[in-house]
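Residue numbers (this note's numbering): 1401 to 1690.
The set of hints was computed from the structure by calculation and includes no laboratory data.
Heads up, a few of these hints could be off.
Taking lysine-lysine and the PhoX-like style, the derived pairs with C-alpha atoms no more than 20 angstroms apart in a straight line are [stated by the list, open to error]:
hint: 1; residue 1: Lys1627; residue 2: Lys1600
hint: 2; residue 1: Lys1680; residue 2: Lys1627
hint: 3; residue 1: Lys1600; residue 2: Lys1655
hint: 4; residue 1: Lys1680; residue 2: Lys1655
hint: 5; residue 1: Lys1600; residue 2: Lys1447
hint: 6; residue 1: Lys1627; residue 2: Lys1655
hint: 7; residue 1: Lys1454; residue 2: Lys1561
hint: 8; residue 1: Lys1540; residue 2: Lys1514
hint: 9; residue 1: Lys1540; residue 2: Lys1627
hint: 10; residue 1: Lys1627; residue 2: Lys1530
hint: 11; residue 1: Lys1514; residue 2: Lys1530
hint: 12; residue 1: Lys1655; residue 2: Lys1561
hint: 13; residue 1: Lys1600; residue 2: Lys1530
Label-pair restraints from in silico Cβ distances [said to hold, decoys possible]:
hint: 14; residue 1: His1529; residue 2: Glu1644; range: 38 to 44 angstroms
hint: 15; residue 1: Glu1582; residue 2: Met1427; range: 40 to 46 angstroms
hint: 16; residue 1: Leu1424; residue 2: Lys1540; range: 24 to 30 angstroms
hint: 17; residue 1: Asp1676; residue 2: Ala1624; range: 42 to 48 angstroms
hint: 18; residue 1: Gln1495; residue 2: Arg1534; range: 39 to 45 angstroms
hint: 19; residue 1: Glu1573; residue 2: Asp1645; range: 23 to 29 angstroms
hint: 20; residue 1: Pro1526; residue 2: Thr1609; range: 44 to 50 angstroms
hint: 21; residue 1: Glu1604; residue 2: Pro1422; range: 44 to 50 angstroms
hint: 22; residue 1: Glu1650; residue 2: Leu1424; range: 23 to 29 angstroms
hint: 23; residue 1: Asp1676; residue 2: Pro1421; range: 50 to 56 angstroms
Ideal Cβ positions, reconstructed from N, Cα and C, are used throughout, including at glycine.
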Amino acid sequence: MAPNIPRAPDAGHVCHFSRLPPELRNMVYAYALSEPDGLTFLLNGSKKGQLCIKPASVSLALPDALNKANKSASSDHPKADVPCTANQLQYVSHQLRHETRGLGVRYNDLTFRKPHDFLAFMDMCPTAHKEHLRQLTVEKPRLPKDKMHMPERDAAIAEIKRRVYEICTAYPELTLRMIFPEWRQDDPQAFVIMALTLQKRAREQWSLTQFYIDAINQGSVRIALAKTGVDTPRAPPNMRIMPEDEPFDEALFRKAMQDNDELMQVFSTEGDDVMDRWVKGARQFYEDGV
1401 MAPNIPRAPD
1411 AGHVCHFSRL
1421 PPELRNMVYA
1431 YALSEPDGLT
1441 FLLNGSKKGQ
1451 LCIKPASVSL
1461 ALPDALNKAN
1471 KSASSDHPKA
1481 DVPCTANQLQ
1491 YVSHQLRHET
1501 RGLGVRYNDL
1511 TFRKPHDFLA
1521 FMDMCPTAHK
1531 EHLRQLTVEK
1541 PRLPKDKMHM
1551 PERDAAIAEI
1561 KRRVYEICTA
1571 YPELTLRMIF
1581 PEWRQDDPQA
1591 FVIMALTLQK
1601 RAREQWSLTQ
1611 FYIDAINQGS
1621 VRIALAKTGV
1631 DTPRAPPNMR
1641 IMPEDEPFDE
1651 ALFRKAMQDN
1661 DELMQVFSTE
1671 GDDVMDRWVK
1681 GARQFYEDGV
């Protein structure tokens, strides 16, 4: 059955919505423009960006008249990934376009596929709108290894890091979540070692005793991570490094620990509560990151 989309009023008819007090209109905008899964920012072939509703958020088929803005989307992104441009209210009237400008970033968390998309968005976003940014997520923070030579790659990474740190410092109210590839819960031992490595590198402090209380085990971990350097400058506190496979699955994590014979041997000297400690620590990383 086709969705019941109300048609536009005939010419000359009164739009009663515009007669509502601004406070009530703002309440309607907050409800209409808030997406449960947030918005995603995409760059098209001409480097023009647009905020789009994430596919999981789309609950009805919009008429063709409301989807004209999507036709310019880049061929690099399949149409299934770009169901519709965010803020369809902007196409209703000049008044609604004016009144809803910038509200998408105020009412939603934003997702970016790559660091370059995030940096491009921050370049395009007016300063007044940046003040309302809440939670931003970069899904693929690493550069493809086959795209450039190592010196060029290192220089590109350093420049991205510099700009990201600069933005986080300038806007301390926003939270930037960087998804770290291959940091996954299906291998608890590797997960914890990666977490401690990231803590040491990005924060210059680590929660070693949360996971290891046995002195010999602690010594082994310290030796393994002895060559891990510390980032300079240190990562801003509002930039969080997050596991790749959110959300945390306690049952999966516990079973993976029990199935790992090497890890169970380590646990033999770690006390009866060791699995509970690891679960608690892992869950904390999924909630707060590093």
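Comparing the hints with the structure gives:
1. The hinted pair formed by Lys1627 and Lys1600 meets the criterion: a straight-line CA distance of about 11 angstroms does not exceed 20 angstroms.
2. In summary, the hint linking Lys1680 to Lys1627 is not supported, as the alpha carbons are separated by about 27 angstroms, beyond the 20 angstroms threshold.
3. With a C-alpha separation of about 28 angstroms, the suggested pairing of Lys1600 with Lys1655 is violated against the 20 angstroms cut-off.
4. For the proposed pair Lys1680 and Lys1655, the alpha carbon gap of about 15 angstroms is at most 20 angstroms, so the pair holds.
5. Taking the CA atoms of Lys1600 and Lys1447, the gap is about 37 angstroms. The hint is violated against a cut of 20 angstroms.
6. At most 20 angstroms may separate the alpha-carbon atoms for a hinted pair to count; Lys1627 and Lys1655 exceed this at roughly 31 angstroms.
7. Restraint check: the Cα-Cα separation between Lys1454 and Lys1561 comes to about 27 angstroms, which exceeds 20 angstroms; the hinted pair is violated.
8. Distance restraint check for Lys1540 and Lys1514: the Cα-Cα separation of roughly 5 angstroms lies within the 20 angstroms cut-off, and the hinted pair is therefore satisfied.
9. Using a Cα cut-off of 20 angstroms, the hinted pair Lys1540 and Lys1627 is violated, with the two alpha carbons roughly 25 angstroms apart.
10. Simply put, Lys1627 and Lys1530 have alpha-carbon atoms about 38 angstroms apart, too far for the 20 angstroms limit, and the pair is violated.
11. Pair hint Lys1514 plus Lys1530 holds up; C-alpha atoms about 19 angstroms apart against a cutoff of 20 angstroms.
12. A distance of roughly 37 angstroms separates the Cα atoms of Lys1655 and Lys1561; the hinted pair therefore is violated under the 20 angstroms criterion.
13. A C-alpha spacing of about 30 angstroms is found between Lys1600 and Lys1530, which places the hinted pair above 20 angstroms, so the restraint is violated.
14. Between His1529 and Glu1644 the Cβ separation comes to about 29 angstroms, which falls outside the hinted range of 38 to 44 angstroms.
15. For the pair Glu1582 and Met1427, the beta carbons lie near 44 angstroms from each other, so the given range of 40 to 46 angstroms is met.
16. A hinted range of 24 to 30 angstroms is violated for the C-beta pair Leu1424 and Lys1540, which are about 41 angstroms apart.
17. Remark: the range hint 42 to 48 angstroms for Asp1676 to Ala1624 is contradicted by a beta-carbon distance near 24 angstroms.
18. One distance hint, 39 to 45 angstroms for the beta-carbon pair Gln1495 and Arg1534, is violated here, with the actual separation near 26 angstroms.
19. Here the CB-CB span from Glu1573 to Asp1645 is close to 28 angstroms, well matched to the stated 23 to 29 angstroms.
20. Checked against the hint of 44 to 50 angstroms, the C-beta distance between Pro1526 and Thr1609 comes to roughly 46 angstroms, which is consistent with it.
21. Taking 44 to 50 angstroms as the suggested C-beta distance range, the pair Glu1604 and Pro1422 conforms, at roughly 48 angstroms.
22. One distance hint, 23 to 29 angstroms for the beta-carbon pair Glu1650 and Leu1424, is violated here, with the actual separation near 44 angstroms.
23. Taken as a hint, the range 50 to 56 angstroms holds for the pair Asp1676 and Pro1421, whose Cβ atoms sit roughly 54 angstroms apart.
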